[in-house]
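Please construct the entire structure, taking both the sequences and the accompanying hints into account.
Sequences listed follow chains Z and X, in order.
In terms of our numbering, the first sequence opens at residue 1 and continues consecutively.
In terms of our numbering, the second sequence opens at residue 1 and continues consecutively.
Take these hints with a grain of salt, some might be off.
One copy or two, either will do: identical chains are not told apart, so a pair holds if it fits within one copy or between any two.
To be verified - Subject to a maximum C-alpha distance of 20 angstroms in a straight line, what follows is the list of computed SDA-like cross-link-like pairs (lysine to any residue):
hint, residue 1, residue 2
1, Lys-202, Gly-234
2, Lys-202, Val-230
3, Lys-358, His-65
4, Lys-259, Glu-127
5, Lys-365, Leu-96
6, Lys-358, Arg-24
7, Lys-365, Gln-43
8, Lys-202, Met-177
9, Lys-259, Gly-31
10, Lys-202, Asp-151
11, Lys-365, Glu-384
12, Lys-358, Arg-54
13, Lys-358, Ala-47
14, Lys-358, Leu-68
It is worth saying that the hints were derived from the structure and are not from the lab.
As a plain string of letters, each chain reads:
There are 2 protein chains.
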Amino acid sequence: MKPPSRTGSVSVVPKVTEESPPPRVGIVGGGQLARMMAESASQWGLALSVLASRTDDSAVATVPHFELGDPNDPAIVTPWAEQCDVVTFDHELVDLDLYATLEAAGVLVAPSTAALRFASSKVYQRETLGAAGVRVPRYVVLRDYNAESIDAFWNAVGPELVLKSDRGGYDGRGVVMTSTRDDAHDAARELLEHGAIVLEEKLLLLAEIAGVVVTGHSGERRSYPLVHTVQSAGMCVEVRYPLTLDAATHAEAADLVEKVASIVNAVGVMAVELFVTERGVILNEVATRPHNSGHWTIEGCVTSQFENHLRAVAGLPLGDVSALHDHVVMVNVVGSTEPGSLRAALALPGVHVHDYGKSWRTGRKLGHVTVVGTDSSVRVRAWEGAEALGTSTTRETT
Amino acid sequence: MKPPSRTGSVSVVPKVTEESPPPRVGIVGGGQLARMMAESASQWGLALSVLASRTDDSAVATVPHFELGDPNDPAIVTPWAEQCDVVTFDHELVDLDLYATLEAAGVLVAPSTAALRFASSKVYQRETLGAAGVRVPRYVVLRDYNAESIDAFWNAVGPELVLKSDRGGYDGRGVVMTSTRDDAHDAARELLEHGAIVLEEKLLLLAEIAGVVVTGHSGERRSYPLVHTVQSAGMCVEVRYPLTLDAATHAEAADLVEKVASIVNAVGVMAVELFVTERGVILNEVATRPHNSGHWTIEGCVTSQFENHLRAVAGLPLGDVSALHDHVVMVNVVGSTEPGSLRAALALPGVHVHDYGKSWRTGRKLGHVTVVGTDSSVRVRAWEGAEALGTSTTRETT
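Structural data, given as structure tokens:
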């Protein structure tokens with residue numbers, strides 16, 4: 001497919017007319033998010049090309065076209081991107097300067113690098129959203145080791161602190177929790193070897209919740225229902241719909257998601273993770289792509305986050321984000337010492353198994369299960385499904 | 001994957017233990033049924049290999065492994081089948097003798113060639129099911145042209161007759177409707193050039209309905225809810241759930257589906273198409289594979305017919321066949337003179353587009369749309385979706 005002419009502006013809508021075929025979407029990265037995008041695209045006939053790092057990347061088995069190479073190598077990325085009508089992302093661990101150069105050369109990148117920066121730099125995210133009036137945890141940025149700053153912050157909000165690398169973290173990587181002053185200093189020194197860090201207060205959480213929104217090139221935005229998320233060691237283990245919160249807190253959370261989404265302005269799907277605390281609803285993290293907290297939408301909503309992400313970046317009409325069921329629970333399958341049994345999981349009624357096709361490794365996200373239904377017993381079956389598949393995580397006893 | 005040891009019996013369950021990986025399923029044929037099987041298999045991690053005839057076959061873009069070649073050439077099929085743990089089918093237009101030879105050599109074929117014969121030979125189907133007490137249309141089999149037989153049958157049930165080729169027909173191909181004696185003779189002479197034919201009475205139909213059932217190697221069987229089907233020129237154009245029939249007729253139809261399924265005994269999914277007439281419920285056709293009348297189950301049921309077909313042939317537990325919604329309507333997209341607009345279809349709320357990735361050709365089944373909901377207005381949106389995509393079919397005005 002010949003790419004349409006472009007103007008160099010990153011907010012241009014792909015040149016799709018009623019007569020022209022839908023654009024070819026390029027996805028940087030071949031992980032499970034790309035795989036689930038490809039599973040959706042196959043159904044409704046959208047053309048995809050995945051830029052994967054390895055032939056055993058999760059998405060490679062599922063897409064008709066893939067290219068192998070380093071997503072941060074201009075010699076690989078530039079010719080590949082020029083064959084696509086729009087470029088989007090499976091992850092945010094990319095060289096933003098390279099993709100900004102492509103944008104300047106007229107390649108349509110969605111989300112734009114301006115939006116991606118919120119997800120790829122925790123310093124930029126905290127500083128920019130904090131300055132815009134979004135309630136974030138109390139934090140301090142360190143670019144070099146500074147004992148006095150750490151002591152002052154520890155005295156103000158300690159003894160428990162959260163230290164985060166500015167870049168490169170995900171699923172709990174690049175994040176350290178400390179509970180003593182000495183540990184905070186040690187962790188800061190270690191993380192600072194890889195660049196700037198953010199020190200944050202550790203909040204007392206009443207709940208963790210998340211909102212997934214999808215935004216079109218025109219600015220049209222739709223918000224999926226908010227969900228309850230359960231984390232363990234920094235990794236999402238469970239997502240539950242519906243959210244059970246008092247109406248005022250629910251509204252406060254929804255407003256915060258909208259506010260963050262309008263500031264970040266990421267074309268495609270983005271996720272906003274929130275803390276519910278006694279001080280109100282506070283921003284945790286932002287992801288400018290389909291997100292684990294939205295996997296439940298595959299079976300749970302009229303249009304999945306993956307379909308809506310592709311519709312949005314391709315300049316196609318956004319789909320209905322309504323929930324289809326009263327109760328939906330998703331549980332991640334995280335590698336334990338050895339795989340479980342697909343047979344045992346499929347024997348459980350209504351368990352939808354998602355297997356990312358990745359090699360088994362302890363601590364690795366390998367798949368998820370979703371159960372939909374009319375009452376909260378779906379949670380029990382979802383956990384039974386994940387446990388049958390050998391997840392290393394354990395359900396909350398609440 | 002090394003094939004498990006086999007005993008030569010076609011009713012052997014694949015040797016899957018809790019510890020072993022699920023078997024690799026080989027699919028003969030790369031059409032849209034194989035594509036939709038592959039879309040399902042990608043989600044839950046079942047390994048597939050498709051034996052396709054052409055690189056532009058529908059399923060080729062979606063499966064990680066495919067082989068190109070004539071599905072009736074032993075030199076192609078035999079080594080391919082031996083790399084699979086079980087062989088199943090996208091269509092029934094195969095050389096049964098070849099596959100029976102493979103079965104005798106120990107290859108697990110599901111459905112078995114004994115079951116496939118019901119779908120691949122209309123003569124065998126009518127004779128065998130009729131002899132077993134299944135109510136079928138009045139018919140006569142001709143292996144050579146015989147004017148007296150045609151006249152006698154025409155005098156008994158004419159003036160309208162249906163003539164069907166024993167083999168090779170689908171979607172209305174190989175079927176001729178006649179309304180005069182001369183036309184019946186002409187059509188018989190023409191069809192007989194390609195082999196035996198069945199002459200049938202043309203029934204006055206109150207409704208056309210269908211039942212999809214799934215059967216495991218153990219004989220366990222589950223029946224999806226019956227649906228109303230709408231045909232045009234021998235091709236299915238619309239499927240509606242729920243079925244609105246009086247309780248007695250509904251029960252009679254369900255019993256007939258069960259009876260046919262137990263006689264045919266096809267491991268995997270099979271479809272039974274029925275006529276509702278003033279003389280009761282009468283068998284129309286049998287298909288021993290996922291079927292157009294079951295496409296609605298992708299969004300409409302807990303487990304789709306494609307997932308259940310693969311579960312069954314792979315010896316995995318069968319999934320729940322319950323409907324998830326009060327109303328579900330599927331409308332086929334059949335090629336008109338030129339393609340419609342994906343953009344326009346996606347702009348309609350709740351329209352699930354399925355595009356088989358086939359080149360556009362007038363009269364060809366190119367995709368389908370499904371809409372689920374709480375009332376019968378889903379039918380209007382399903383038709384609007386198919387019309388936006390350029391279907392050549394028109395909705396019933398009833």
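Outcome of the hint check:
1. When the C-alpha separation of Lys-202 and Gly-234 is checked against a cutoff of 20 angstroms, the pair qualifies only within one copy, where the shortest distance is 13 angstroms, while the shortest distance between copies is 67 angstroms.
2. For the homomeric pair Lys-202 and Val-230, the shortest alpha-carbon distance inside one copy (16 angstroms) is at most 20 angstroms, but the shortest distance between copies (62 angstroms) is not.
3. In this assembly of identical chains, Lys-358 and His-65 lie within 20 angstroms of each other by CA distance both inside one copy and across copies; the values are 19 angstroms within and 17 angstroms between.
4. In this assembly of identical chains, Lys-259 and Glu-127 lie within 20 angstroms of each other by CA distance solely inside one copy; the values are 15 angstroms within and 70 angstroms between copies.
5. Within a single copy, Lys-365 and Leu-96 get their C-alpha atoms no closer than 26 angstroms, and across copies no closer than 44 angstroms, so neither meets the 20 angstroms cut-off.
6. Within a single copy, Lys-358 and Arg-24 get their C-alpha atoms only as close as 26 angstroms, which misses the 20 angstroms cut-off; across copies the closest is 17 angstroms, which meets it.
7. For a Cα distance limit of 20 angstroms, the shortest separation of Lys-365 from Gln-43 across copies, 15 angstroms, qualifies, whereas the shortest one inside one copy, 25 angstroms, does not.
8. In this assembly of identical chains, Lys-202 and Met-177 lie within 20 angstroms of each other by CA distance solely inside one copy; the values are 8 angstroms within and 77 angstroms between copies.
9. Taking CA atoms no more than 20 angstroms apart as the test, Lys-259 paired with Gly-31 passes in neither setting, with 29 angstroms inside one copy and 47 angstroms between copies.
10. In this homomeric assembly, Lys-202 and Asp-151 come within 20 angstroms of each other (Cα to Cα) only inside a single copy, at 15 angstroms, whereas the closest approach across copies is 91 angstroms.
11. For the homomeric pair Lys-365 and Glu-384, the shortest alpha-carbon distance inside one copy (17 angstroms) is at most 20 angstroms, but the shortest distance between copies (40 angstroms) is not.
12. Proximity of Lys-358 to Arg-54 under the C-alpha cut-off of 20 angstroms is restricted to the intra-copy arrangement: shortest distance 12 angstroms within a copy versus 29 angstroms between copies.
13. Taking identical chains as interchangeable, the C-alpha atoms of Lys-358 and Ala-47 lie at most 20 angstroms apart only when they sit on different chains, with a minimum of 13 angstroms there against 23 angstroms within one chain.
14. In this assembly of identical chains, the alpha carbons of Lys-358 and Leu-68 lie at most 20 angstroms apart only when taken from the same copy (17 angstroms versus 27 angstroms across copies).
In this structure, the earlier hints numbered 5 and 9 are contradicted, and the remaining ones agree with it.
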